[in-house]
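K.L.:
The primary structure of each chain is shown beneath.
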Amino acid sequence: MSIAPRATAPRPIAASGAAFTYAGSRRPAFRDVELKLDPGAVLLIVGPSGSGKSTLARGIAGLLPEQFPGEWRGSLRIGDTDVAATSPEAVVSAARTASLGAGMVFQDPASQLVMERVGDDVAFGLENLAWARAAMRERVPEALAGVGLRGFEDRRSTRLSGGEQQRVAIAGVLAPGPGLLVLDEPTAHLDTAGAEAAFRVLHSIREREAATIVLVEHRVALAWPLADAVLAIDDEGRPIDVGVPAAVLRRSGKKLRDAGIWLPDDEDGQASAGGRGARAGRGRLSKQVLGSDPVIRLDAVRFGYPASEPVLREIDLRVGPGERVALVGRNGSGKTTLLRLALGLLRPIAGEVSLGGRDPRRLQPQQLARLAGFVPQEPELGFLGQSVREEVELGLAEDQLGHARDLAERLRLPLGALGDRSPYRLSGGEQRRLSLVTGLARRPILLALDEPTFGQDRRGHEALVEALDELVGEGSTLLAATHDERFVRDAADRRVELADGWVLADEPIGIPPAAASAR
Amino acid sequence: MTAAALMAPEIGDAQRSSVLGRANPLIKLGISLAWLIGLGFTLDLRPPLILAVVAVIAGLQLGGIPPGALARRLAPLVLAAFSIAVTNLLFSTHNPDPAATELLRIGPLRITQEALADAAGLGARVGAIVTVGAVFVLTTDATRLMDALVQQARVSSRFAYGLLAAYQAVPRLIEDLGTLRAARRLRGLRELDPSVLLGILVRAIRHADQLSIAMDARGFGAGPRSIYRPIAWTRLDLTVGAAALAILLAALIASR
Numbered sequence: 001m002s003i004a005p006r007a008t009a010p011r012p013i014a015a016s017g018a019a020f021t022y023a024g025s026r027r028p029a030f031r032d033v034e035l036k037l038d039p040g041a042v043l044l045i046v047g048p049s050g051s052g053k054s055t056l057a058r059g060i061a062g063l064l065p066e067q068f069p070g071e072w073r074g075s076l077r078i079g080d081t082d083v084a085a086t087s088p089e090a091v092v093s094a095a096r097t098a099s100l101g102a103g104m105v106f107q108d109p110a111s112q113l114v115m116e117r118v119g120d121d122v123a124f125g126l127e128n129l130a131w132a133r134a135a136m137r138e139r140v141p142e143a144l145a146g147v148g149l150r151g152f153e154d155r156r157s158t159r160l161s162g163g164e165q166q167r168v169a170i171a172g173v174l175a176p177g178p179g180l181l182v183l184d185e186p187t188a189h190l191d192t193a194g195a196e197a198a199f200r201v202l203h204s205i206r207e208r209e210a211a212t213i214v215l216v217e218h219r220v221a222l223a224w225p226l227a228d229a230v231l232a233i234d235d236e237g238r239p240i241d242v243g244v245p246a247a248v249l250r251r252s253g254k255k256l257r258d259a260g261i262w263l264p265d266d267e268d269g270q271a272s273a274g275g276r277g278a279r280a281g282r283g284r285l286s287k288q289v290l291g292s293d294p295v296i297r298l299d300a301v302r303f304g305y306p307a308s309e310p311v312l313r314e315i316d317l318r319v320g321p322g323e324r325v326a327l328v329g330r331n332g333s334g335k336t337t338l339l340r341l342a343l344g345l346l347r348p349i350a351g352e353v354s355l356g357g358r359d360p361r362r363l364q365p366q367q368l369a370r371l372a373g374f375v376p377q378e379p380e381l382g383f384l385g386q387s388v389r390e391e392v393e394l395g396l397a398e399d400q401l402g403h404a405r406d407l408a409e410r411l412r413l414p415l416g417a418l419g420d421r422s423p424y425r426l427s428g429g430e431q432r433r434l435s436l437v438t439g440l441a442r443r444p445i446l447l448a449l450d451e452p453t454f455g456q457d458r459r460g461h462e463a464l465v466e467a468l469d470e471l472v473g474e475g476s477t478l479l480a481a482t483h484d485e486r487f488v489r490d491a492a493d494r495r496v497e498l499a500d501g502w503v504l505a506d507e508p509i510g511i512p513p514a515a516a517s518a519r
Numbered sequence: 520m521t522a523a524a525l526m527a528p529e530i531g532d533a534q535r536s537s538v539l540g541r542a543n544p545l546i547k548l549g550i551s552l553a554w555l556i557g558l559g560f561t562l563d564l565r566p567p568l569i570l571a572v573v574a575v576i577a578g579l580q581l582g583g584i585p586p587g588a589l590a591r592r593l594a595p596l597v598l599a600a601f602s603i604a605v606t607n608l609l610f611s612t613h614n615p616d617p618a619a620t621e622l623l624r625i626g627p628l629r630i631t632q633e634a635l636a637d638a639a640g641l642g643a644r645v646g647a648i649v650t651v652g653a654v655f656v657l658t659t660d661a662t663r664l665m666d667a668l669v670q671q672a673r674v675s676s677r678f679a680y681g682l683l684a685a686y687q688a689v690p691r692l693i694e695d696l697g698t699l700r701a702a703r704r705l706r707g708l709r710e711l712d713p714s715v716l717l718g719i720l721v722r723a724i725r726h727a728d729q730l731s732i733a734m735d736a737r738g739f740g741a742g743p744r745s746i747y748r749p750i751a752w753t754r755l756d757l758t759v760g761a762a763a764l765a766i767l768l769a770a771l772i773a774s775r
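Here the protein sequences line up with chains Y and C, keeping their order.
Quick note: the first sequence, position 286, residue 286 per this note's numbering, numbers continuous.
Quick note: the second sequence, position 116, residue 635 per this note's numbering, numbers continuous.
Hints listed in this document are in silico derivations from the structure and should not be mistaken for laboratory results.
Take the hints with a grain of salt, since some may be wrong.
Computed beta-carbon distance windows for the label pairs [claimed, not checked]: (1) Leu609(C) / Ala397(Y): 50 to 60 Å; (2) Arg624(C) / Asp299(Y): 51 to 61 Å; (3) Gln580(C) / Ser387(Y): 53 to 63 Å; (4) Ala397(Y) / Thr612(C): 56 to 66 Å; (5) Arg156(Y) / Gln671(C): 16 to 26 Å; (6) Asp38(Y) / Glu694(C): 38 to 48 Å; (7) His403(Y) / Val721(C): 22 to 32 Å; (8) Ser25(Y) / Tyr686(C): 27 to 37 Å; (9) Ser387(Y) / Leu562(C): 57 to 67 Å; (10) Gly475(Y) / Glu710(C): 39 to 49 Å; (11) Ala672(C) / Ala397(Y): 58 to 68 Å; (12) Val674(C) / Glu314(Y): 42 to 52 Å.
All C-beta atoms in this analysis are idealised placements derived from N, C-alpha and C, irrespective of residue type, glycine included.
Turn these sequences into a full structure, and let the hints guide you.
P.N.:
Here it is, written out as structure tokens:
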């Protein structure tokens, strides 16, 4: 029997001139980081897409350079250990992470759950630290209860929702009682309810001062109120400001905004560039030009897999030319399935689907590509080229290339700088924008987007809204599945809410009542 | 998703708590191997048929497998066994042999009795092996199998739990394959192309990579591990093992 394990005390963090450069890259991912964080405090790292936030988070968790090769400068002390000083005895990062008392929660819940069942997965980290069985038996249910998943021990993690999976991951990382918890965009795959539940867990850790927390997060409305300190970094990975959130906002709010960083007051209803009034007018104009035959028609469409609950139950939906429809609803409510049905990528078990008046399943790939552009939820799955340039230009006709390159430029993927890079080596936000370029490059009649604003900073969001605006102005129709209320507000004029495979609500948004009734 | 369920089945509570479900996975693995080797000693039709029938009855009665699930799982495998038998029947070296007894002649095609016997024996053996395999898979919890391999067979835990994680990733990769094909189709390209397989391979490697980073970040490989779910040998394992050996012997004796 080993000794009853004790939770590690919260760790202080101190950085001085810390910088890290990935092997094979000339530019440091982040540099000149100066930081002092008290034990038990919450640090929020913010910065535009591609600014090195994830790298810094990995560094603090002790995963550099062993898991991601590269070179440190300066110092970064976690408790008593300087993780930037590569010493021979710290070669195995596993050992280092364990001795740091650090735990890291990653973005994608599915690629961090090891075991088949929830209880086993939470116990996995405890087994690795050689906890006694009796202590594990006690700790596993406790850790699950701590994330609101009491009694989930025997459930299969693959059957849980994304939000539940991420909470299992947090429980597994928290179970050994780490002194430092590092989370890299933990809510990126979650719906609003899932994200709020995850943040309730973080709030309770903070209240108990159980661990120091380092957080990278785009949901500013949830993240800023939790933070004791904010570290803002710019495009080049240099700190803009660091300090108490209110002070950072007061001192550097404008600088942060200019750097493309979301601020907490961006949440409350102010529309971004290219305001709604102008857009609503243009949408109606194109409708008169284009006629009113629906672009998408779903009649009594049902979809499901054998021997399981139907995914979509009885969907009637018409989307006219020039409409901008946002599909909203919780994880698993059928948004992605509906998109795929509309594109003819799935066959309904009942009912009829038409795209531009034809059955999309019978279209030739060339015809379908002219009709519809698709941006999948996982950008990586859409990549077909070896380089960013090839990816942008793949399958395009000569006269489409100019527009595609323009679009890449506008979405901040300059082919001059990034053209030769492998699409897989872009940051998460850059990958998302690349998949948007490929989906929008042909100016298709239907723009079908699945979570288009995932991981986008303010500039990415604005550039996307503007590009969509233009395309709709030229006659495209938008159908976007999203959790992002800001995107709904800025880019959509109709909101279709799904729940358990039903259409729960279908209403125009943001248009003055007079205009709405004239439709 | 249907294809995914077929490739990586999840066994239900009924199967897990059944007699075969509670038996040690290594015993069941051992029985499957012993039966496989035992069948190598005979060309007779009876032993494989006896073993296949026993496996089906055991699966239904002692394993709690719903007959429908077993049938769905077996249908393609039995079809494969049948087509192997037919191929062997048609292309057997006995057919051109003038000394062999001719059963049937259609134009240049000659079928002999010896070829039929060989082909039937082979088909039956393949059928028996896939049946035993299906019953094993449908009554064995993947986690318990890996726990037993690590704790009792001293297989490396990195290998075993890596395999378990890979096994869980199969449905997701099949879904990814669908998305990849869709992405090609929507960019005006043919859906089926070798590059799709490359894309899936890249995807699988990246998934494995992320998972191994997540495992290491949780202290895997940092030192000695303890065990959350211990697996012990029980009397049930002895009974099941002995019964299976007795059945194998009886089946082999029946071939005389």
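K.L.:
Kindly indicate which numbered hints from before are broken by the structure, ordering the numbers from low to high.
P.N.:
10
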